[in-house]
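Undergrad: Chains as they are written, first to last, in the working numbering: chain A, 6 to 215; chain B, 763 to 1068.
Because the hints were derived from the structure by calculation, they are not lab data. Among these hints, one or two may not hold up.
Just some of the chain A residues that point at chain B, by a computed CB distance under 7 angstroms [to be verified]:
1. S89
2. G95
3. S113
Glycine included, C-beta positions come from ideal geometry on N, C-alpha and C.
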Amino acid sequence: MLRAALFTVAAVLVGACFINGNGQAQGDAKDNGNGNGSGNGSGNGNNNNVGSSSGSSGFVETGETPSNGAWDVTAAAGDAIGPSEFVLTGDTANGSIVKRGEGLPDPSFRWCTVTKDRNEFQLRASGNSLSGSFTITTTWDGFNCPQNQLRTVTVSGKRTAPGKNALDGTWTLTIDDGGSVDATLRVATSAGSVSATSTSSQFAFAARLR
Amino acid sequence: VKRAHVAIAALVVCGGLALASRTRAPSKSEELPELGFDFCASRVALPIKREEAAWSHPLVFGLLLALSPNDARRLSTAVEDANHRWEARTNPFTEDLEDGDPDDVLAKWLADAPAAARTAVTAAKPRFCGADGWCVRVVARGSACPTGLERVSIADRAYGRARFLAWPFGHALWLRARTPAEAAGAAAALRAHAGESEHIAFVIHAGDDELTRTTRGDLRDALVQHEILRRRASGDDPDRPFRVDGDGGATSQSAFPSAIGPLDVVVLPRLSVVDRPGALEAEVHAAAPGVVVLSERGAPVEGGGR
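Produce the complete structure using the sequences and hints provided.
TA: Shown next, in the form of structure tokens:
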């Protein structure tokens, strides 16, 4: 599940960072909204950048002028995430994926509540490479609870097969999580949308600029 | 994480859905009803307090009928395994010797479950929040918002965000057939098509209650039993209404109207529809021609005023 979450984030951000960094997002934005003025991001916007996925694939749809700012992230999967977001600034994204159990009693520890269960990340895209790290935090509050957990894993990626633009192509990701894990991310764009398919994740995600 | 399975396990608890109105009317003389979903929003304090899943009858029945025989069999096995452990915990003369959550087996099932299950689990969330604390609840079209929440108008800038966060409802389609038989036929056709669809998660129809009794009876019974056991083990009231018999109706949390009409079929989407306006509708038209599709509220419609 952790890897799935990492993949999800990476998939979202590969799209988002590259689009933003390279201004490649073209097309008639399927603009079905106006963004939202709330939130903490700069450039809250006029476009309605939307991403989604089905099964093991994901999409990041972009407006004509991709903006930096705060993105909502949602998902549909076995471990569907809680309220999550990332903030895109240039080619860097900072955010957190909150796991579904955060804030709920821990079913395995009757007197404990999971106070924090999230992956906080920072990722940067540059040309054909992606790099970053995740800090995985799980904390409990209550009686006779597990020891809090905190660890960091690194993620790197490179584009091994370029496509028709700065985002298209096949990407190989390496997640250093107590031993490297490689996976392939296939990215395709069309009419202002970007899709990313992971070879090993069923995690489905969506991202939308607020 | 482990709430997802509880959700599935709770497949038995209580609630409907919908969408809007502008559309290709079947006939101009026929007035289409205002069925669908509205969004009610509020900003909550951080950190956001999580709420237990709120399952409704339509969700549970629709999901059970969406499962392939193999998926249903796997779920049935998982539920039975979970029930054994819950039973051991509730029985003073036995002991659950295993560690961890009895519902872990359901979580494992859910991890490999079809898209219908993922949509259903998401739809069972009582509210849908952004990380900044902006949360929406879904109510049946025209219903009052819960106290303290404000209706999100279609003209509001936040409407798009509400649809996104609450995507199982924000992108669902409500179909209306001319006759009950036609509605049942459309539901069956869409259900048969959903397995290979990129956009349809599952289908809800008034006949689902009866159909689950005849086609998924054992699984349905096991889920009821699971909910009872789980509640007993956790000190919850096992008699709190969650009837799956059909006459319990929806809970107050439900986004569904009190009843799905015999002419109606509701299609819940996969997440992939979020950025593909019109794709679900096109697929529905192809799979079930003859029914009226009430357009997604807020989706671009010819001459629409968004």
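Undergrad: Under 7 angstroms is the threshold here; is the Cβ of G95 of chain A close enough to any Cβ of chain B for the hint to stand?
TA: Nearest chain B Cβ about 21 angstroms off; hint violated.
Undergrad: Just to be careful: measuring from the Cβ of S113 of chain A to every Cβ in chain B, is the smallest value less than 7 angstroms?
TA: holds, 5 angstroms
Undergrad: Holds or violated: the hint that S89 of chain A contacts chain B, with Cβ atoms closer than 7 angstroms.
TA: holds, 6 angstroms
In summary, the one numbered hint that this structure violates is 2.
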